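A.B. asks: Listed here are the chains, written in short residue letters.
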Amino acid sequence: MRFLLRRLGFFVLTLWAALTLNFFVPRFMPGDPVAALTARTRGRVSRDALEQMLTSFGYKPDQNLFVQYVEYLGNMFTGDWGRSIGGQLGEPVTGLIGQALPWTLGLVGITTVLAFALGTMIGTVAGWRRGGWLDSLLPPVFVVTSALPVFWVALMLIFAFSMNAGSVLPGTFNYDNSIVPGFSPGFVGSVLQHAVLPAATLLITLIGGWILTMRNNMITTLAEDYVRMGRAKGLSPRRVMYGYAARNAVLPNLTGFAMSLGFVVSGAVLIEFVFSYNGVGYLFYNSVQNVDYPLMQALFMLFTVAVLAALLIVDIATVWLDPRARSADAGGR
Amino acid sequence: MRPALRRGTRILAIALALLLGGAACSDTERRPDAKESGSGRTDSGPKKKGGSVTIANTAGQTWTCNFNPFNPAVFNTSIGFVYEPLVFVNVLGNAAEKPMLAKSYRWNADKTEIVFTVRDGVKWSDGKPLTAEDVAYTFDIMKRVPATDLYSLWTSAGLQSATAAGDKVTLRFKQAAQTYFYFFANLQPIVPKHIWSTGELASRPDTTSVKDPVGTGPFKVDPCGPNNIQYTANTDYWQPGKPYLEKVQYPAYLDNAPANLDLASGKAQWGSQYIPGIEKFYLDKSADHHTWSPPVQNVAIYPNLDPSHADTSRLEVRQAISYAIDRAKVAEIAVGGQQPPANQSGIVTPTFEKYYDAAAVTKAGFGKPDPDRAKKLVEGLGHSASDPLKLTIITVTGYTDWDAALKVVKQNLAPVGIELTVQNLAQQAYLDKLYNGDYDLAYYSQPSGGPTPYYELRAMLHSANTAPLGKPAVSNHSRYRNPAVDKLLNDYATADEAGQVDIVKQVGQVMIDDVPVIPVTESVDWFQYNTEDIGGWPTEDNPYAQPSAYTFPDTGQVLANLYWKPAQ
Amino acid sequence: MTATTVVHTPEPAARQASGGLWRAVRHNRKAMAGAVILFVFTVIATFPGVFTTVDHPDELAFPPGLSPSTGHLLGTTGLGQDVYSQLIYGTRESLVIAVVAGALATVLAVLVGVTAAYLGGIADDVLSMLTNVVLVIPAFPLVIILAKYAGKGSLGVILVVLVFTGWSYGANQLRAQALALRNRDFLQSARVRGERRSYIVVFEVLPNMTSLIVANFLGAALYSVLTAAGLQFLGLGDPASASWGTMLYWAKNQEALQSGTPLWAIAPGLCVALLGVAFALVNYAFDEIGNPALRPVRRRRRER
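Chains as they are written, first to last, in the UniProt record's numbering: chain A, 1 to 333; chain H, 1 to 568; chain U, 1 to 304.
In short, the hints are calculated from the structure, not lab data.
Given the structure is predicted, the values throughout are model-derived calculations rather than measurements.
One or more hints might be untrue.
[Claimed, not checked] With a Cα cut of at most 30 angstroms, we get these calculated DSS-like pairs of lysine-lysine:
id : chain 1 : residue 1 : chain 2 : residue 2
1  : H       : K211      : A       : K60
2  : H       : K329      : U       : K152
3  : H       : K471      : H       : K390
4  : H       : K565      : H       : K280
5  : H       : K123      : H       : K565
6  : H       : K363      : H       : K329
7  : H       : K433      : A       : K60
8  : H       : K410      : U       : K152
9  : A       : K60       : H       : K143
10 : H       : K471      : A       : K60
11 : U       : K152      : H       : K433
12 : H       : K433      : H       : K390
[Claimed, not checked] Some chain A residues close to chain H (C-beta under 7 angstroms, calculated; not the full set):
id : residue
13 : A35
14 : Q52
15 : M53
16 : F57
17 : G87
18 : Q99
19 : T172
20 : N177
21 : I179
22 : T220
23 : S236
24 : S276
25 : N286
A virtual CB, placed ideally from N, CA and C, is assigned to each residue, including glycine.
Can you build the whole structure from these sequences, using the hints too?
C.D. replies: Here you go:
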């Protein structure tokens, strides 16, 4: 119970800290949304008119900052996130996020899971055949790939695949604009085709970490008594590898995996920027550029909540998968 | 980079449009003649219909599918396509006018009252006829909901009333308002009363999202998605036979690079942003690829003239800077020669050629870079290349053409004894310093101009547009105050056409004498076009409208004029 | 690190820690490769003038868009600068960001982590809570907000932002290890001897954590290299600065890949990658040198 309360306190505190930072940092800096919009409309429109326009969309510069802050915290929790006062002036923030989120979840989410699954598999085999060619080749290669700047990998893939070769693999948009979205084979195919390069970029830079940690965990686990025991019992190597060694070696990685799922929502800013992919990462970058407080605030809260939710899952999973609790079960097999 | 480059073009467009408005101010009934009108010379006869054009103009965000013409964020995709103004003013054509929803208009003698005659036979896209009521109602919305009065017509312009009678609409102003003609007749589109007087649109015309716009323009939205707007031809359009194209595709390019790639591959035909290395990347790819980006305004160094800024308030320092800058080189490097060099008189050429006094510029020695003269001026102040005068210039992070230009300026100034430090600031921080006069030198371009140089010059130099240091100035950020210039600019509003040209030339002379602002390059209306399948583009020989896809309402002129070659 | 922690007298422990580290690095090929790259970059950063004849690589001194030649090993940029000399002069800032941000983040991590572990009680609760809060707030979006609203992306701003977001992971790890060390015999004996707390922390605890501290520094440096490059690439740095990230920013907005000067974008990215790889290799080698069984699960400290 005490643990639960502490945890709850931590979640609330984190969320509050994130929201507060996000509220005050932009407001204590020079400049404001009106100036940004003045520049965006090339001054064609007078400053007063723009301020009035922004006010009608909920921007209240003259109100006491503390009152604004309290109101803001309340609105964040009630889901009253307001309307964009940036480039997409007047659009409800929920609508903008709702439109962008599926793309990020689809692209980054699926790729994160894929990277974890593939990386774990390759790492398992590499660790099992320690000293084999795979094992001697993999670590240096993947130490390198996991240290590459992700946006540069993206640029290189665009350069190699979508610039000259008749755009076989598109490096921009999330589907072909000539297709009307719907559940047609053409649309789904187009979505997949447009996801290849960004997904490949993510895979290349993500998978190395999973392979390396899984390999190392395998090596450690293989030295454990229960694995030797399994071998001594004459179980098939495959059974020992997956059922005994990998099963346990993957446990320490699950926490990291859950965390990385939490960072899916916020993690793809650079990828989405380079590939002009309409996800929440790009939306966030744009909201910061345009001093779009409501959109920026809602997105940042979403990012933080996603991580907290992942943490919650980790907490539950830890209790559930506790090795000591599980050892009785494993012994019974 | 995107904002800087595009902003330049727009400004030019506005400047041009304003110029036209000014020229249109006679008290006789104006009916612009057909030669000058939007149909242009190339439009030699009716065209067959068919085909489509794809626009590659970086949006930087996905489409919101809102087509409310009072929302400045969606101007570009609604005005010109769907909504139309009363009169189109061609900034590039010596302010030539083309009657649109108003078939004619008449000013009273002192330019305080204008009567528009509304064109008959125009239908809204829902089939209802356009009436004078619609026009008056549009202006009433702006009075009732000030947030929609984007051009401050009911405040600064002094609009008093907008009344409809028969097919006439009368606008009454407090004072002479012909310098606002460009805004209320050309920039402000007309909306249908029967749609805007009911429901949410009636109560909140500013914030309500318009998904299914009803307008009089050549195209209708059908359908709109986050990635692409497809427009289809309005078959009931009032200009007979037009538009010729059946469809317009407007994808939401988030970045210049993919937009430019699609232009180079021919997938998109109408480009409206800077293309680096345009010869190799675009023009050489096909004989049908063309570019023509007409200049519209100045990008300039704004010195802080307040006496507390000892260096920049000295005339010699400003002259030295202006003499030292190799404007042709700046233009060549900064945007690959796609923007022309500016001149010290501040008159944008060739667009406003008739206001330009080349002899005066040459006489003052500003005809070409003169580093020796600059060096002498700096030496007179006790500085040299080895003991340079140190100045800092502020600019906006992300305006890469400005950054590149300043690299050249810095190189130009070093040998004459001025060490320039370029300070990059985020846009908000930059504007904060600029507006409040907290800088020595600022690289800047007036965000709006008009159809004559008057509009930009007034913004730069009139003391009504400035403020003491620490208070935000409207547009005269260098804090220039000169009663003689104020008087000249004030007289412009009631002067006749020749008088206006004369006033602008006099103000240009002040620019040369006082160097209150140092123009460096001219900003342009970015435009690339593909003639393989599509004809009817605006060109240097036939500049019937500003050509970029982001300059409204000019887009409407271009859209109505484009035709599909294979169908002919 | 296990080898060092079992040693009971503090002085030999310290010596053995560093001596052992160096020997281990020398015998590990990955570590050697990383160390060599770092050494080369350090030399270039210190004496850039030796490697190129162009003194002001920012100046637009050449015809734009030249292909590689003996005069311009990597060609010129679309604006007319020598790509190779920009690369050479950009080394310094990129390396400084990595080392300084990495070092400061590590110092902060040590301060918070070890203090928390050693003080215990409420101080520990508060500091751990703080660490976890910073750890959980999505770093890269926060970095973007901070850098954007600082008004200008000067070196100082970037360093502060990187340190602010980069210390928490290490603090958590260090706290855990310091907690484990607390009850070791040699610390008990020091306490019995009546040594002051500060003495114990500085001379007995820290030397035994050298290995983890170094690993943390390497991780933080890698994070700083990649994040700083990402920030500058997005245009949130100082576009007038000489660094690889800034080069990438210019290459991107001048569309280097499309307009025939691809090396302008490829070369600086490769250098960022090399520097990152160097830190990662040494770091990985550290893991190998230590006992694999004790290897912590690393939170992925890079933005995607």
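A.B. asks: The structure should be examined with respect to each hint, and the outcome stated for every one.
C.D. replies: Cross-check of the supplied hints:
A threshold of 30 angstroms between alpha carbons decides the hint, and for H:K211 with A:K60 the separation of about 27 angstroms falls inside it, so the pair holds. A threshold of 30 angstroms between alpha carbons decides the hint, and for H:K329 with U:K152 the separation of about 28 angstroms falls inside it, so the pair holds. For the proposed pair H:K471 and H:K390, the alpha carbon gap of about 26 angstroms is at most 30 angstroms, so the pair holds. With a CA separation close to 26 angstroms, the supplied pair H:K565 and H:K280 stays within the 30 angstroms bound.
Of the supplied pair hints, the one linking H:K123 and H:K565 holds, its CA atoms being roughly 28 angstroms apart against a limit of 30 angstroms. A hinted pair counts as satisfied when its Cα atoms are at most 30 angstroms apart, and H:K363 with H:K329 qualifies at roughly 22 angstroms. Distance check on the hinted pair: H:K433 and A:K60 sit about 22 angstroms apart at the alpha-carbon level, within 30 angstroms; holds. Distance restraint check for H:K410 and U:K152: the Cα-Cα separation of roughly 20 angstroms lies within the 30 angstroms cut-off, and the hinted pair is therefore satisfied.
With a C-alpha separation of about 22 angstroms, the suggested pair A:K60 and H:K143 falls inside the 30 angstroms cut-off, and the hint holds. Of the supplied pair hints, the one linking H:K471 and A:K60 holds, its CA atoms being roughly 21 angstroms apart against a limit of 30 angstroms. About 13 angstroms separates the Cα atoms of U:K152 and H:K433, which keeps this hinted pair within 30 angstroms; it holds. As the CA atoms of H:K433 and H:K390 are separated by approximately 19 angstroms, the hinted pair is consistent with the 30 angstroms bound.
At its closest, the beta carbon of A:A35 sits 4 angstroms from a beta carbon of chain H; the interface hint therefore holds under the 7 angstroms criterion. About 4 angstroms separates the beta-carbon of A:Q52 from the nearest beta-carbon of chain H, less than 7 angstroms, and the hint is met. A distance limit of 7 angstroms between C-beta atoms decides the matter here; for A:M53 the minimum to chain H is near 5 angstroms, and the interface restraint holds. Here the hint on A:F57 is kept, as its CB sits about 6 angstroms from the closest CB of chain H, short of 7 angstroms.
Hint on A:G87 holds. Least Cβ distance to chain H is approximately 5 angstroms, under the 7 angstroms limit. Interface hint status for A:Q99: upheld, as the beta-carbon distance to the closest one in chain H is roughly 6 angstroms, under 7 angstroms. The interface hint given for A:T172 is met, as the beta carbon of that residue sits about 4 angstroms from the closest beta carbon of chain H, less than 7 angstroms. The criterion of a C-beta within 7 angstroms of any C-beta in chain H is met by A:N177, whose closest approach is roughly 4 angstroms, and the hint holds.
The restraint placing A:I179 at the interface with chain H is violated, with a minimum CB-CB distance near 9 angstroms, outside the 7 angstroms limit. Violation of the interface hint for A:T220 is found here, the shortest Cβ-Cβ separation to chain H being roughly 45 angstroms, above the 7 angstroms cut-off. For the restraint placing A:S236 at the interface with chain H, the shortest Cβ-Cβ distance is roughly 52 angstroms, beyond the 7 angstroms limit, so the hint is violated. With a cut of 7 angstroms, the hint placing A:S276 at the interface with chain H holds, because the nearest CB-to-CB distance is about 4 angstroms.
At about 6 angstroms, the closest approach between the beta carbon of A:N286 and any beta carbon in chain H falls short of 7 angstroms, and the interface hint on this residue holds.
Of the hints listed earlier, those the structure fails to meet are numbers 21, 22, 23, in rising order.
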